[in-house]
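Mind docking chain S on chain V? Use the hints.
2 protein chains.
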Amino acid sequence: MKEKIREQSIQLFATKGFKETSIQDIVDALNVTKGTFYYYFTSKEQLLMDIHLQYIDDLLEKQENIIKNESMNCKDKLYNIVYMLIHDIEKEGLSAKVFFREMRNLNEDHLTLIVPKRDQFRINIQKLLDEGIEQNEIRSDLPTDIVTLSILGMTNWSYFWFDPQGRASDKDVSEVFIKVLLEGLAV
Amino acid sequence: MKEKIREQSIQLFATKGFKETSIQDIVDALNVTKGTFYYYFTSKEQLLMDIHLQYIDDLLEKQENIIKNESMNCKDKLYNIVYMLIHDIEKEGLSAKVFFREMRNLNEDHLTLIVPKRDQFRINIQKLLDEGIEQNEIRSDLPTDIVTLSILGMTNWSYFWFDPQGRASDKDVSEVFIKVLLEGLAV
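Protein chains in written order, with this note's numbering: chain V, 160 to 346; chain S, 160 to 346.
Only chain V is shown next, with the shape it has when bound in the complex (with noise of 0.2 Å):
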């Protein structure tokens, strides 16, 4: 049931937003009352806050499994990073959605918990950047802290509007992704 209140709410917060879903909505699509909500979360801010965590948690996991693979290259690994995010909006683009949109409404006890995980994943692309540097994959002029920002803002931004039906897969997306980022544009 757990799971249950936090898909439709996910549902919920990524079409009428945050604020403007209330736990009264919430049990009325799954026909639970209030009473079976409260058992699982204290409020629905605290809800957000677990949607929150699942969703950076599942992507940090997802990226250090990558990063500690010893088979691939820092070029693989960074492909395979890139392919992650634009995969997963097929699976979790509405959490997605709920994470950049609604980031605003948690508190600052909860805002504490959430930032690391967020700052984790971008430092570990960076440092990711940085290993290729050392082994001379990745050049070596430009600085690194840019360059990831600039990789996430690809990233990120598909989840605004990348289609999985769409005509161009998950694949073809983060293969002309690693192109751009890795090969570039000019002749």
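By construction, these hints were calculated from the structure, which means they are not laboratory data. Source: prediction; values computed, not measured. Don't take every hint at face value.
The list cannot tell twin chains apart, which means a pair is met if one copy fits it or any two copies do.
To be verified - Straight-line Cα separation of at most 30 Å, DSS-like style, residue types lysine-lysine; simulated pairs:
no. : residue 1 : residue 2
1   : 161       : 338
2   : 161       : 234
3   : 163       : 276
4   : 276       : 286
5   : 161       : 286
Okay, now just chain S, sitting in the frame of chain V:
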């Protein structure tokens, strides 16, 4: 006064949110009456539309001036568009925030006015890339629609992290972005 109402509202919408800001909040902050507000705008929604329209019209005009400048090649035009977007954050950061975040609060009629302009901005970049391919400046093996979205991802995402008072200037960031885009990261 119209411009003052617009500026004050951008400030309030960006910090408190559109739904959370009342017309009373706006007129209180300016020390004027509601009558003054209704002299210039028919509703809060129409004011939001006005802010959106001014924001996108201004960007489109600047973009079109760059594109029609015959003294630049395609790569230079691309650099100038990226720089224009990053530079704009210093001046128009709050408008951008309101634009991206509050778009969903526009009604259907208003969206019909805004969405084609937003699309035009994207299509202009795609056309520039297509022209770059014709001029043999840009590689021809990548779909320019997806490449365009990767460029817009980089630049649009920077509204959420770029700090004009920070360590890297608008010029620094634009130069890193354009080097990643044109030359790529690989050694």
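How the hints compare with the structure:
no.	hint	result
1	161 with 338	neither (41 Å within a copy, 47 Å between copies)
2	161 with 234	neither (39 Å within a copy, 52 Å between copies)
3	163 with 276	within (25 Å within a copy, 40 Å between copies)
4	276 with 286	within (15 Å within a copy, 39 Å between copies)
5	161 with 286	neither (36 Å within a copy, 49 Å between copies)
The structure does not agree with the numbered hints 1, 2 and 5 stated previously, though it agrees with the rest.
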